[in-house]
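Q: Residue strings, one per chain:
Protein chains: 2
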Amino acid sequence: MEISELGEFGLIDRLTKELPIKHESTKLSIGDDAAILRPEKGCDVLVTTDLLLENVHFDLTYVPLKHLGYKAAVVNFSDIYAMNGQPKQITVSLGISKRFTVEHIEELYSGIRLACDVYGVDIVGGDTCSSHQGLVISITCIGEAGEGKAVKRSGAKDTDLICVSGDLGAAYMGLQLLEREKIASRGNRDFQPDFGGKEYIIERQLKPEARKDIIADLDKAGIVPTSMMDVSDGLSSELLHICKSSGTGCRVYEDRIPIDYQTALMAEELNMNLVTAALNGGEDYELLFTVPLTDHEKIERMAGVKVIGYITKADLGCALVTRDGSEISLKAQGWNPLAAEKKGE
Amino acid sequence: MEISELGEFGLIDRLTKELPIKHESTKLSIGDDAAILRPEKGCDVLVTTDLLLENVHFDLTYVPLKHLGYKAAVVNFSDIYAMNGQPKQITVSLGISKRFTVEHIEELYSGIRLACDVYGVDIVGGDTCSSHQGLVISITCIGEAGEGKAVKRSGAKDTDLICVSGDLGAAYMGLQLLEREKIASRGNRDFQPDFGGKEYIIERQLKPEARKDIIADLDKAGIVPTSMMDVSDGLSSELLHICKSSGTGCRVYEDRIPIDYQTALMAEELNMNLVTAALNGGEDYELLFTVPLTDHEKIERMAGVKVIGYITKADLGCALVTRDGSEISLKAQGWNPLAAEKKGE
Chain A
2 MEISELGEFG LIDRLTKELP IKHESTKLSI GDDAAILRPE KGCDVLVTTD
52 LLLENVHFDL TYVPLKHLGY KAAVVNFSDI YAMNGQPKQI TVSLGISKRF
102 TVEHIEELYS GIRLACDVYG VDIVGGDTCS SHQGLVISIT CIGEAGEGKA
152 VKRSGAKDTD LICVSGDLGA AYMGLQLLER EKIASRGNRD FQPDFGGKEY
202 IIERQLKPEA RKDIIADLDK AGIVPTSMMD VSDGLSSELL HICKSSGTGC
252 RVYEDRIPID YQTALMAEEL NMNLVTAALN GGEDYELLFT VPLTDHEKIE
302 RMAGVKVIGY ITKADLGCAL VTRDGSEISL KAQGWNPLAA EKKGE
Chain B
2 MEISELGEFG LIDRLTKELP IKHESTKLSI GDDAAILRPE KGCDVLVTTD
52 LLLENVHFDL TYVPLKHLGY KAAVVNFSDI YAMNGQPKQI TVSLGISKRF
102 TVEHIEELYS GIRLACDVYG VDIVGGDTCS SHQGLVISIT CIGEAGEGKA
152 VKRSGAKDTD LICVSGDLGA AYMGLQLLER EKIASRGNRD FQPDFGGKEY
202 IIERQLKPEA RKDIIADLDK AGIVPTSMMD VSDGLSSELL HICKSSGTGC
252 RVYEDRIPID YQTALMAEEL NMNLVTAALN GGEDYELLFT VPLTDHEKIE
302 RMAGVKVIGY ITKADLGCAL VTRDGSEISL KAQGWNPLAA EKKGE
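Those protein sequence lines, which keep their order, are chains A and B.
Numbered according to my numbering, the first sequence spans residues 2 to 346.
Numbered according to my numbering, the second sequence spans residues 2 to 346.
If you are wondering where the hints come from, they were derived from the structure by calculation, not from laboratory data.
Possibly wrong hints are sitting among the right ones.
Any copy, or any two copies together, can satisfy a pair, since identical chains are not distinguished.
Below are the DSS-like pairs computed for lysine-lysine, each with C-alpha atoms no more than 27 Å apart in a straight line [stated by the list, open to error]: (1) 199 with 314; (2) 18 with 332; (3) 245 with 42; (4) 150 with 208; (5) 99 with 221; (6) 150 with 23; (7) 245 with 67.
Only a predicted model underlies this, so the values are computations on that prediction, with no experimental measurement involved.
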């Protein structure tokens with residue numbers, strides 16, 4: 002069905018029908034000039050936003066629309082968890098190019114709705130319009146954290162332990178694989194990509210999850226990180242952010258960086274440097290955080306979290322300690338979206 | 002200066018330097034995974050968002066970047082006022098095409114900052130990336146209203162008076178004029194558009210204001226509208242929204258619709274129907290609201306507000322009463338952004 006048959010309001014009605022409200026705090030949802038929220042008493046409100054543009058942030062050649070919607074929502078939730086908060090509401094703005102049908106947009110929206118169901122988030126508003134160019138997705142997420150309980154980037158202290166959840170570099174290697182298969186498929190209509198044994202890195206790229214579980218585990222363990230952020234641009238870049246904001250330096254150990262075996266195999270197959278992928282690949286959406294040295298035992302007992310180094314005084318700088326014990330300055334080689342180059346090209 | 006010289010973080014630093022925080026409620030601004038807000042006790046939080054795309058919502062041939070920034074912010078504030086709230090914070094996401102320099106983006110941002118200074122709003126976050134297509138601007142505004150004091154679209158009751166602030170149709174006629182001059186200038190490098198005596202309609206199109214003053218006046222007069230929204234798509238469209246949400250009908254009088262003489266002159270010059278422009282033009286950003294009949298005297302004493310009709314039972318439908326006393330059904334002929342046609346073309 003052509004979108005023009007429905008018009009803006011018809012399309013919004015269709016996309017947002019049967020949208021149950023999950024939170025007491027969502028007092029008024031879609032359909033007015035603004036949504037009305039009543040955050041829980043004693044809570045701070047968190048706000049984060051992401052803008053995703055076709056052919057800059059995603060390539061519809063290999064990204065299914067439902068996955069794209071899911072990921073677009075989850076990356077925002079990840080930012081809220083990275084503040085030690087809980088995502089509660091999102092607004093979804095779409096700029097839709099003429100080549101999309103109503104069914105395409107329903108597919109995209111079904112991914113957003115799925116993510117909201119999985120993470121318990123209400124869709125409370127947005128804006129929908131036509132785009133003369135590619136697809137535009139702008140999502141803003143509203144979250145809550147106990148008053149004064151939000152964790153910033155700026156609280157890391159000398160001797161704090163640096164921790165990271167999950168593993169790194171997989172989403173980046175997944176992207177490399179997708180790009181390789183895209184090139185291989187050119188001019189070949191019957192091309193079937195072979196992702197056997199590489200499902201994990203593909204999933205990390207196409208359908209990442211936000212670490213709600215880690216935030217819950219930290220809370221259960223009675224650990225309050227001194228600083229935290231999510232790994233979206235790459236570990237190096239994020240470590241430099243934390244150290245700059247906190248006025249510290251850091252040391253991370255190459256042999257402590259968690260890497261999945263599929264990531265390692267793919268790097269070998271593509272003849273790429275594995276540590277570079279893990280340090281600079283980005284889009285991992287894992288949590289990077291620091292805890293006081295006194296929390297060492299508690300952290301060691303937590304599943305899915307690894308201590309990868311420690312915070313130092315600022316004058317020691319930020320460095321990676323390699324397997325042979327030498328130190329290499331950390332540089333932010335993460336993706337610079339203003340360099341206008343697609344990752345992996 | 003090329004934007005790639007600065008990179009994303011360099012550009013953000015430059016755009017947001019010396020950004021004073023105006024509100025106690027803004028606990029943490031730009032520079033972390035999310036902003037931290039602490040709304041005033043006893044206040045609800047309002048959220049609205051707008052997505053603006055080049056050549057869909059604006060034409061840089063005649064829209065100066067500073068004005069564009071100003072308008073992009075103000076249209077969001079307008080949505081918050083339309084809920085009987087006060088805008089407090091915005092996030093600003095930009096997709097920047099390669100043809101823009103750092104100075105261009107500074108110009109755009111200076112308009113956004115100016116609007117925030119005029120209306121007392123903090124810029125607390127955003128996302129900046131390159132666009133392979135045109136300029137993309139996505140702004141989300143967070144506002145506050147006293148708990149339960151937000152005014153929705155759905156509260157209009159039979160016999161309520163329908164009121165509108167300012168005048169209507171001017172922004173639309175301003176757009177017609179700008180489009181006419183754009184066409185006239187084609188192939189003529191030395192072309193100087195003649196806007197003499199038409200400054201008001203040009204300003205209404207390029208630099209609209211949100212009616213903060215009317216919200217303050219209503220409060221002073223002790224008037225709480227039963228329903229309210231801002232006129233962005235056109236009076237007809239908005240009236241139908243209010244009546245649909247409230248389960249009512251309405252009658253508005255053609256001869257009561259406030260129209261500025263510049264709007265009328267321009268319509269005559271362009272041989273366009275003036276009432277159509279006022280009913281369906283849109284982008285007026287005036288407030289449309291309903292009040293109980295008992296507030297009639299109070300409303301009559303308010304400057305800049307006009308009673309244009311009244312709410313009826315639903316079965317009477319929504320109609321315009323023309324000067325000769327006949328009734329014409331109201332239709333939403335406002336701009337449908339998904340029809341992918343630019344206004345005025």
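Q: Indicate, hint by hint, whether the structure satisfies it.
A: Structure-based check of all given hints:
1. In the homo-oligomer, the alpha carbons of residue 199 and residue 314 never lie at most 27 Å apart, since the shortest distance is 41 Å inside one protomer and 63 Å across protomers.
2. For a Cα distance limit of 27 Å, the shortest separation of residue 18 from residue 332 across copies, 24 Å, qualifies, whereas the shortest one inside one copy, 47 Å, does not.
3. Neither within a single protomer nor between protomers do residue 245 and residue 42 lie at most 27 Å apart by alpha-carbon distance, with minima of 33 Å and 34 Å respectively.
4. Taking the shortest Cα distances, residue 150 and residue 208 never come within 27 Å of each other, neither inside one copy (29 Å) nor across copies (41 Å).
5. In the homo-oligomer, the alpha carbons of residue 99 and residue 221 never lie at most 27 Å apart, since the shortest distance is 49 Å inside one protomer and 48 Å across protomers.
6. With identical chains, the CA atoms of residue 150 and residue 23 are at most 27 Å apart both within one copy (23 Å) and between copies (22 Å).
7. For a Cα distance limit of 27 Å, the shortest separation of residue 245 from residue 67 qualifies neither inside one copy, at 37 Å, nor across copies, at 32 Å.
Violation of the numbered hints given earlier is confined to hints 1, 3, 4, 5, 7; the remaining hints are satisfied by the structure.
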